[in-house]
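Visitor: Take a look at the letters that make up each chain.
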Amino acid sequence: MLLIPCPYCGPREETEFSYGGEAHIERPKQPEALGDEAWADYLFMTGNTKGVFLERWVHSHGCRRWFNAARDTLTNEVLAVYEMGGKPPKLEKRSYV
Amino acid sequence: MPQGFRLAEGGLIDRARPLGFRFNGRSYQGYAGDTLASALLANGVHLVARSYKYHRPRGIVSAGPEEPNALVQLGRDPRSDPNTRATQLELVEGLAARSQNCWPGVGFDVGALNGLVSRLLPAGFYYKTFKWPASLWMKYEYVIRHAAGLGRAPGERDPDIYDKTNAHCDVLIVGGGPAGLAAALAAARTGARVVLAEQDCQLGGALLDRPDETIDGKPALDWVAETLIELGRNPEVRILPRTTAFAYYDHNYLALVERVTDHLGEKPETLPRERLWKVRAHQVVLATGAIEQQLVFSDNDRPGIMLAGAGRTYLNRYAVKPGSRAVVFTNNDGAYGAALDLQKAGVSVAAVVDLRTAPEGPLSEQAEAAGLPILAEHAIVATRGAKRVGQVAVAPLGPEGDRITGDGEGVECDLVLCSGGWSPTVHLFSQSGGRLAWDELRGCFLPDTPAQATHVAGACNGAFGLAACLEQGLAAGETAAAAAGFETKGAGKAPPQATDRGFLPARWLRLVPSIEPAGRGGKHFVDQQNDVTVADIQLALREGYRSIEHVKRYTGTGMGTDQGKTGNVNAIGIVARELGRPLPEVGVTTFRPPYTPVTFGVFAGRDVDDLLDPVRKTAIHAWHERAGALFEDVGQWRRPWYYPQGGESMHRAVAREVEACRSSLGILDASTLGKIDIKGQDAAELLNRVYTNAWSKLETGRCRYGLMLGEDGMVMDDGVTARLGEHHYLMTTTTGNAAAVLGHLEEWLQTEWPELQVHLTSVTEQFATVSIAGPNARRLLGELTNDIKLTPKALPHMSFAEGAVAGIPARVFRISFTGECAYEINVPASYGMALWQTLIRAGEKYDITPYGTEAMHVLRAEKGYIIVGQETDGSVTPFDLGMDWIVSKKKDFVGKRSLARSDMAKSDRKQLVGLLTDNPQEVLPEGAQLVEKALDKPPMPMIGHVTSSYMSPNLGRSIALALVKGGRERHGQKVQAPLPGGHTAVCEIAGPVFFDPEGERLRG
Chain A
1 MLLIPCPYCG PREETEFSYG GEAHIERPKQ PEALGDEAWA DYLFMTGNTK GVFLERWVHS
61 HGCRRWFNAA RDTLTNEVLA VYEMGGKPPK LEKRSYV
Chain B
1 MPQGFRLAEG GLIDRARPLG FRFNGRSYQG YAGDTLASAL LANGVHLVAR SYKYHRPRGI
61 VSAGPEEPNA LVQLGRDPRS DPNTRATQLE LVEGLAARSQ NCWPGVGFDV GALNGLVSRL
121 LPAGFYYKTF KWPASLWMKY EYVIRHAAGL GRAPGERDPD IYDKTNAHCD VLIVGGGPAG
181 LAAALAAART GARVVLAEQD CQLGGALLDR PDETIDGKPA LDWVAETLIE LGRNPEVRIL
241 PRTTAFAYYD HNYLALVERV TDHLGEKPET LPRERLWKVR AHQVVLATGA IEQQLVFSDN
301 DRPGIMLAGA GRTYLNRYAV KPGSRAVVFT NNDGAYGAAL DLQKAGVSVA AVVDLRTAPE
361 GPLSEQAEAA GLPILAEHAI VATRGAKRVG QVAVAPLGPE GDRITGDGEG VECDLVLCSG
421 GWSPTVHLFS QSGGRLAWDE LRGCFLPDTP AQATHVAGAC NGAFGLAACL EQGLAAGETA
481 AAAAGFETKG AGKAPPQATD RGFLPARWLR LVPSIEPAGR GGKHFVDQQN DVTVADIQLA
541 LREGYRSIEH VKRYTGTGMG TDQGKTGNVN AIGIVARELG RPLPEVGVTT FRPPYTPVTF
601 GVFAGRDVDD LLDPVRKTAI HAWHERAGAL FEDVGQWRRP WYYPQGGESM HRAVAREVEA
661 CRSSLGILDA STLGKIDIKG QDAAELLNRV YTNAWSKLET GRCRYGLMLG EDGMVMDDGV
721 TARLGEHHYL MTTTTGNAAA VLGHLEEWLQ TEWPELQVHL TSVTEQFATV SIAGPNARRL
781 LGELTNDIKL TPKALPHMSF AEGAVAGIPA RVFRISFTGE CAYEINVPAS YGMALWQTLI
841 RAGEKYDITP YGTEAMHVLR AEKGYIIVGQ ETDGSVTPFD LGMDWIVSKK KDFVGKRSLA
901 RSDMAKSDRK QLVGLLTDNP QEVLPEGAQL VEKALDKPPM PMIGHVTSSY MSPNLGRSIA
961 LALVKGGRER HGQKVQAPLP GGHTAVCEIA GPVFFDPEGE RLRG
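The listed protein sequences derive, respectively, from chains A and B.
Per the working numbering, residue 1 is the first one in the first sequence, and the count goes up by one each step.
Per the working numbering, residue 1 is the first one in the second sequence, and the count goes up by one each step.
Next comes chain A alone, as it looks inside the complex (with noise of 0.2 Å):
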């Protein structure tokens, strides 16, 4: 189980939080503009990252905030933590591939 540092309340049991999927997706401006194709790939295609991976998470049974971590898929380190709307921090690349 993860340990999660949720930027307001510090770090939890991962039991308390919500998964929320990748990161910095944000929603078109206008839907209607878009085509099935890319109004498809807005909705369901997201990353599936070996190494250092960009996500949401909620902290629903603690703060209800939102929030966003950097976090290594293959160690589960819980590289950053940071606002929702904030730009992500820098970070040394991991690759595994």
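The set of hints was computed from the structure by calculation and includes no laboratory data.
Treat each hint with caution, since some may be false.
Straight-line alpha carbon distances no greater than 25 Å define the calculated DSS-like cross-link-like pairs of lysine-lysine that follow [stated by the list, open to error]: (1) B:K845 <-> B:K697; (2) A:K93 <-> A:K50; (3) A:K29 <-> B:K889; (4) B:K896 <-> A:K29; (5) B:K906 <-> B:K891; (6) B:K789 <-> B:K896; (7) B:K697 <-> A:K29; (8) B:K697 <-> B:K896; (9) A:K29 <-> B:K891; (10) A:K29 <-> B:K890; (11) A:K93 <-> A:K29.
Derived list of chain B stretches under chain A, where covered just means 3 residues or more per stretch with a C-beta under 8 Å from a C-beta of chain A [what the hints assert, rightly or not]: (12) 744-755; (13) 891-904.
All C-beta atoms, glycine included, are put in the ideal place defined by N, C-alpha and C.
Assemble chain B onto chain A, guided by the hints.
Guide: Then chain B, alone, in the frame of chain A:
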């Protein structure tokens, strides 16, 4: 003779406390401090089990958690425990155990016939049965299940209690041998908070079996005692004996199981049987020791053949002679220690058979000096004896070690102590994600790169000598404490003086040759618990399996409850040899939790029965109970289902409740509906974005029904939202969806629309909601309020007013889920019961009738109102429901773009329709599939399914809602529902509104 094999003195047992126990129905005696295994051996009992597949007689192999054979069924129902390792089971007065997988008994076992036909049961025989005619498979399955296997699960519910607890510490040390104790000393001296877990009942590890070891010139156990005193005085140190760390998860989270009462004769009722420790450690020190590996030789599984280290444990710790005349068989120097211990205890040593070309090493030299008969470059090539080894054949090895020269000479014996070297207990290290590296000299995998904050010390780290264990333990404890932020100045004093006696040098022959090749004549067991032989591995390789993971799964090697602790390295070595590849290239199989089996009970803990899941009850629950309601679980809520009176059937009760609503007055506890309070200047804009319809023009005091979609365009929730004030709304959600809807709204607000000024608060439990419905609803409410005008003009359908009802501050919503004139009255939850009772009393003259969820469902189905989760299943759009009218064409909303996908416009999508059976008395089962025309047998093309189905008392016939392909174009057409039992119901497709389609009753 009782305890005929007990030594007169020595050992860590308490001869003043004899304990009586039963094994396979016979009474024996042992002493406090014994395990079941040591007590059996003290009584000369070696045959304790039959093997899994061939039912071969098996004895005790080890003295610890690695035991493959001595698994017993402990106790009786309901406290029966299968697959208990006799080698770890502490003896208590009155203990009763029996052998598993044998009938009628372990001495004469009918299943042993399997051994005679073993050629029919090769590696993968189970998988091969899949390929035979499928119709026969179930029969094989039945036979295999009965012929093979281990213990039996208890037939009754477990009467014991189990606990779970959390712990946090700076340094968690796993293993209480010399390395672990030294690590605890060093870490504790820095002031760090230390938890030390030891699976044994006593601390000291291997020192418990080695009376000859000394530390600082004194017996090593004195050092252990002093160390425990120092640790015991430190309030920051918690020592957990009888506690197995069985799992190492991410971020230094480990699971430990503590056996609390099994070892107690009298078990206090206040204590749990076991306790699960969930430990989050800043740093972890693994001092888990090493496990001796077996030698793979012909018929190496007879009772009386055990590991050399186990032999020493029984002699020295338990003062038990495991035999009278022994042969020691080894590939290393360490086992000579066992030979010397045997000699000292008065067991005659018939031969030390050494695979090495010369008996090198300190212990070998001692043995030579002691005059023990040593046969270097020899091997045991065969063993004999039906229920106990009686003779071994010993022959010289060829120069390459791959064959035998000569015929073999018989040596009489009743005990064979074997050693194939030692393999570090790297299980937890590997579970944590740490990488292992092959060590050629030590012939084992060692921890290499840790993946977490993990330190390794002692035999687990390849340090097999005592001095090195102490040194590494102190260093690891100090490093760990430093990493946890503690000052380590002087913490790890100079390591105490001790001698390093390892087991090296060794000669690594993973397969000991026999006169005939493996697979002919005797069986070379690699995994005794799963009855896997060298021939099975060779067969798997011949059949094309190359990866060690595949060989493992095909043969089952290392897949028993012991997970191959005494044989996995041999299996890997044999695969490497057969493939002609270096052993490290073959690699190890994955180590997964648990390290040793864990009871289901401790995982369940107290989370059983009423504590399994929270139960939510409304403020009016007690009244429903008194009224004899039956309840339905909706999410965690317990809602009244219906209120049978005087032995009424469900059908009668529901019909009565439904009729009351339509003819006079019904009352429903609707408190469970989700309620979300929405405040802020952008509240209307939020509603615009999450609901399909427009909200900007909703006036204060009015209500509107909304349909919420996921971004994929599918219906996810519905409900009525009222505008309470300028920037203030109250949203209702379906009962089961309240938390999900709040989460959905919060997600959009926080992640996508942070610019919106809106606050959301769940107020579901702050309000009790009572709904009254029926032609007399207005009359009753009017009698209880002075300040709310109830005329259709003042409070029309879909509007809201605030005031006092029966003197209670209330919000009154004129909304209806029944199709009748209805009011939902919200009052603070603490007033809920008072309001309900007042309404019941005042409504007596109208025959007010409490109704439950079932009647509510019938009433709404008569009106064709959907229930999200019943008419929808995550694949249904508003268009499929015929609710185009609620989908705005002007504004954007979540899910809108998905509704424009070409697939959404297809005419053969499943659409909501009404269904009327030709036989008006027939109620279709919900979920029934619909076809154009029923065929004799499946398959037949299915065109839809029934989503809701009831007997409608108001219509005097059955009604149903269904989703049918292109249903809206099929009104008036017939479809068929083939039902279980061969009957086919013919139905006509109709519109989904069956009752009062104009809605006059609603608005009136």
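Visitor: Residue count check for the region 744-755 of chain B against chain A: does it reach three with CB-CB under 8 Å?
Guide: holds (count 6)
Visitor: Regarding the pair K93 of chain A and K29 of chain A, is the alpha-carbon distance no greater than 25 Å?
Guide: Not OK: K93 of chain A and K29 of chain A at ~30 Å, beyond 25 Å, violated.
Visitor: Given the hinted pair K789 of chain B and K896 of chain B, is their alpha-carbon gap at most 25 Å?
Guide: 39 Å, violated
Visitor: Taken at face value, is the distance from the CA of K50 of chain A to the CA of K93 of chain A at most 25 Å?
Guide: Judged against 25 Å, a Cα distance of about 11 Å means the pair holds.
Visitor: Are the Cα atoms of K906 of chain B and K891 of chain B separated by 25 Å or less?
Guide: Given that 25 Å is the threshold and the Cα spacing comes to 23 Å, the pair holds.
Visitor: Within a Cα-Cα threshold of 25 Å, do K29 of chain A and K890 of chain B meet the stated pairing?
Guide: Given that 25 Å is the threshold and the Cα spacing comes to 15 Å, the pair holds.
Visitor: Starting from K29 of chain A, check that the Cα of K889 of chain B is at most 25 Å away, please.
Guide: Holds, at roughly 17 Å.
Visitor: Taking 25 Å as the top limit, are the C-alpha atoms of K697 of chain B and K29 of chain A close enough?
Guide: It holds: about 24 Å lies between the C-alpha atoms, which stays within 25 Å.
Visitor: Do the alpha carbons of K845 of chain B and K697 of chain B lie within 25 Å of each other, as the hint requires?
Guide: With a Cα-Cα distance of about 41 Å, the restraint between K845 of chain B and K697 of chain B is violated, given a limit of 25 Å.
Visitor: Counting residues of the region 891-904 of chain B that have a beta-carbon nearer than 8 Å to any beta-carbon of chain A, does the count reach 3?
Guide: As far as the region 891-904 of chain B goes, the hint holds, because 7 residues have Cβ atoms under 8 Å from chain A.
Visitor: Please work out if K29 of chain A and K891 of chain B have their alpha carbons no farther apart than 25 Å.
Guide: This hinted pair holds, its Cα atoms lying about 13 Å apart.
Visitor: Holds or violated: are the alpha carbons of K697 of chain B and K896 of chain B at most 25 Å from each other?
Guide: 20 Å, holds
Of the numbered hints given earlier, the model fails hints 1, 6, 11; all others are met.
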